[in-house]
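Protein chains in written order, with our numbering: chain A, 1 to 96; chain B, 1 to 260.
In case anyone wonders, no lab produced these hints; they're calculated from the structure. Each hint should be verified, as a subset may be incorrect.
Unchecked claim - So the derived list for chain B, only partly shown, Cβ under 8 Å to chain A, looks like this:
1. Gly38
2. Glu44
3. Leu47
4. Asn51
5. Ala53
6. Tyr148
Remember, it's a predicted structure, so these values are computed and weren't measured experimentally. Think of the CB as a built atom: it goes at the ideal place given N, C-alpha and C, for glycine as much as any other residue.
Here is what each chain is made of, one letter per residue.
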Amino acid sequence: MSHNHEWPLYEIFIRARGGLDHKHVGSIHAVDAGMALEHARDVYTRRQEGVSIWVVKSEDIVASDPADADPFFEPARDKIYRHPTFYDIPEEVKTL
Amino acid sequence: MSTARLGLDAPAQAHCKYVLRLADANLILAQRLGEWVGRAPALEEDLGLANIALDLLGQARLLLAYAGELEGAGRDEDALAFLREHRDFLNPTLVEQPNGDFGRTIVRQFLVDAWRLELYERLMKSSDERLAAIAAKAVKETRYHLRYSSNWLIRLGDGTQESHERVQTSLNILWPYTAELFAADELDSQMTSLGVAPDLEDVRQAWSAAVDDVLREATLMRPADRPYKWFGKRGEHSEHLGRLLAEMQYMQRTYPGAQW
């Protein structure tokens, strides 16, 4: 499998069915985006997991630094009024 | 074939044999591709080849079950797959050729995929409705197989000098075996005249044009057509089939009737 280390990594996002979001499911190695799509199809949709695939080069993803967790996420903790929990959701709305 | 003993009339026997030819092409190629499991150059290719093998096996099961019904001797898909002798297998010689390196496998797969796509697209219009229905399912899967093998052939052919030389050598070695796919014998002609099978010359022309397009993009040279002597579809096989069957049929031969 040594060749794998020369192939760039791609992150794979799959939409399970129409109307849902693409969700991150994992990553694969491929030489380019076209091959990444085929590999993603072969590795992640063998059991009818999806109807659409996105692939993104892992190196193109900009991630927040875990060291920044406090300034990034702490300030939201004591602001529960931002949650939409102060009104009733109509029964007809299923997937909110 | 035991069909002769059963007193099936000649057209029914030919029909059964024709379906077996299709079934065996899939079954034997699936077995070959299965040999890559755990050994492919990358995990992703391991799964890719295994997926193709399973598609082919699924189609083979439908075809073998149908052949068993046409034969009417009570043999099911398992009996036909695991208990027939070497000479009763009717796959074209090309599909039993060894995997070689990854490039050799890709060349073989590409030549077969391109043939199967043209063949099954036409089988969708077969006068045999059962065969037409199986073909409709097979075509969707085969389109993906051809996409996979074409893309790899282009990458390898138009890749490094070494990858180019390797796939060109494989193409030169495997090319003569493609002649059998389009050489209509009596059985093929009979099936064509009944509307069961498409005209093989029509399939050949479409295949040839499709293959040329990909070879050009892969910067590979199309080998010259040569006289050939392989007729796997009549049960006259290369030396490679025996070993493949020994492995494939081992369990049922050693433990007859064994179940999960």
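Earlier hints that do not hold, by number: 1, 5
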